[in-house]
Amino acid sequence: MSPQVAGVLQLTALIAALALAYRPLGDHMAKVYSSEKHYTPEKWIYKVIGANPAAEMRWPAYLRGVLAFSAVSVLFLYLLQRIQGSLPGSLGFSSIDPDQAFNTAASFVANTNWQSYSGEQAMGHVVQTGGLAVQNFLSAAVGMAVAVALVRGFARSRTGELGNFWADLVRGTVRILVPISVIGALVLVACGAIQNFSGVHQVGQFMGGTQEWNGGAVASQEAIKELGTNGGGYFNANSAHPFENPNPLSNLFEIFLILLIPFALTRTFGRMAGSLRQGYAILGAMAVIWIGFTALMMWTEFAHRGPAFEIAGGATEGKETRFGIAGSSIFAVATTLTSTGAVNSFHSSYTGFGGGITMLGMQLGEIAPGGVGSGLYGMLIMAVIAVFIAGLMVGRTPEYLGKKIGTRQINLAACYILITPALVLGFTAVAMALPTPADSMTNSGAHGFSEILYAYTSGANNNGSAFAGLGADTPWFNTTIGIAMLLGRFVPMVFVLALAGSLAEQRPVPETAGTLRTDKPLYAGLLVGTILIITGLTYFPALALGPLAEGLAS
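The sequence shown begins at 0 in numbering that gives the first Met the number 0 and counts up one residue at a time.
There may be inaccurate statements among the hints.
[As the list claims (entries may be wrong)] Under the rule of at most 35 Å between Cα atoms (straight-line distance), these lysine-lysine pairs were calculated in the DSBU-like manner:
id : residue 1 : residue 2
1  : Lys-46    : Lys-36
2  : Lys-30    : Lys-42
3  : Lys-403   : Lys-46
4  : Lys-519   : Lys-403
5  : Lys-30    : Lys-46
6  : Lys-519   : Lys-46
7  : Lys-403   : Lys-30
Simulated from the structure, these hints should not be mistaken for lab results.
Please model the complete structure; the sequences and the hints are all you need to start from.
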């Protein structure tokens, strides 16, 4: 069987698995966020944090809950790293330096999981399991809560209430993320991923000396790392490490976990909004982009010309032989079209165009299907903009799900789509202009520029994957990427929740013969075109200086 055919079969199996899980999981999540029942463990949590889960919140109160909880989470994770050297189970590792501790705390709370350290050489068991793994659950639950609040904004009318943040946070964690993660961890252990609390031990001989490895609760952290679209690896090699991702079966299962909730949330949206067809339209737009990017990546990496590439059967540099070009390409697209950031290959070693595809996936806003929660609300923002553009073309006040898209709504949507490009392009320009940051680049020219552009694209879009080659463990990059991660995560949430509140206050607009049908393929096509055009106009000049220049020169 040729590698190309094997890749198509892997992609087919993945689509089939996602299709089987789509309906039951999407309906389950809709029930979770619509239920008025509170389980006993949830009541204990509410009592400890002093929250009243029955109290409805308007968008400013909901936002305060998001920001306050996240601020406390950053502070807790920062302090945990700073005192690591005094904690049991630290494996002899010292406390983390202030700039790196800030970067890591911001990263994991923002659901970015950018790592400027080698996991197995820096973090002990307590920080890994009690700090990083916990934030993998909580940051994902925060994103889902904000997405659900926006859905309620579309579904409700004549009220500014969007639900209760604390109830959404707890339910998303207890009823969705934890159960699936337990099953996922068991599957990964069965595939060969490790799960223990062993210390550092020596393994055989390596380059004339001994090699040291430490164990850890890897399978359990790996499951939520992928399911919650987090991405932070227990080991520096991330999902290319055999302890995290042992074989092609575990590789395909991890891709499945990455895409599972983001795709299924479109059914949750349709169910809660009262129209499953609306959810299918959003799903269709996501699927078209994801399948298109995957096919383009596989073609780019298989078809690259040159004697070495032809002998190897494609661009094999930087890719694990366990997974091959197809398994690596599918994983790379899945991780950069979501906010996962996990990698099973070396993105810097991809062809010029292949590296550009990974960057462009993040620059779309990671909405196809995007991160857990963030993908859905990002796509709904683009849906609002697409409706507005359609309204301009026909001279009619735009409407979406029975809500008028007026000046306030479009201003909030415009602010949402502008904040991330401003962070990416602004920080990249400053880093290239200053003399010191450029010293961290391994390569010069277009590829060196791509290293820095990728780093800030990954940070501001809350992805967390690295192009590699960039020595990012410096005060400049730790600080600026940390700031980009926090602003890129929480400033857009302000606009999302404000939009949700303004929509919830409206009276429903009756559908007429002139109303644009947003549940049809025509609208899904308009939505895809809007996304590609806006992204292209925003990032094309920067991409032309980096991956496009490199690809055309090769």
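These are the hints, each one checked on the structure:
1. Lys-46 / Lys-36: holds (15 Å)
2. Lys-30 / Lys-42: holds (18 Å)
3. Lys-403 / Lys-46: violated (40 Å)
4. Lys-519 / Lys-403: holds (19 Å)
5. Lys-30 / Lys-46: holds (23 Å)
6. Lys-519 / Lys-46: violated (46 Å)
7. Lys-403 / Lys-30: holds (27 Å)
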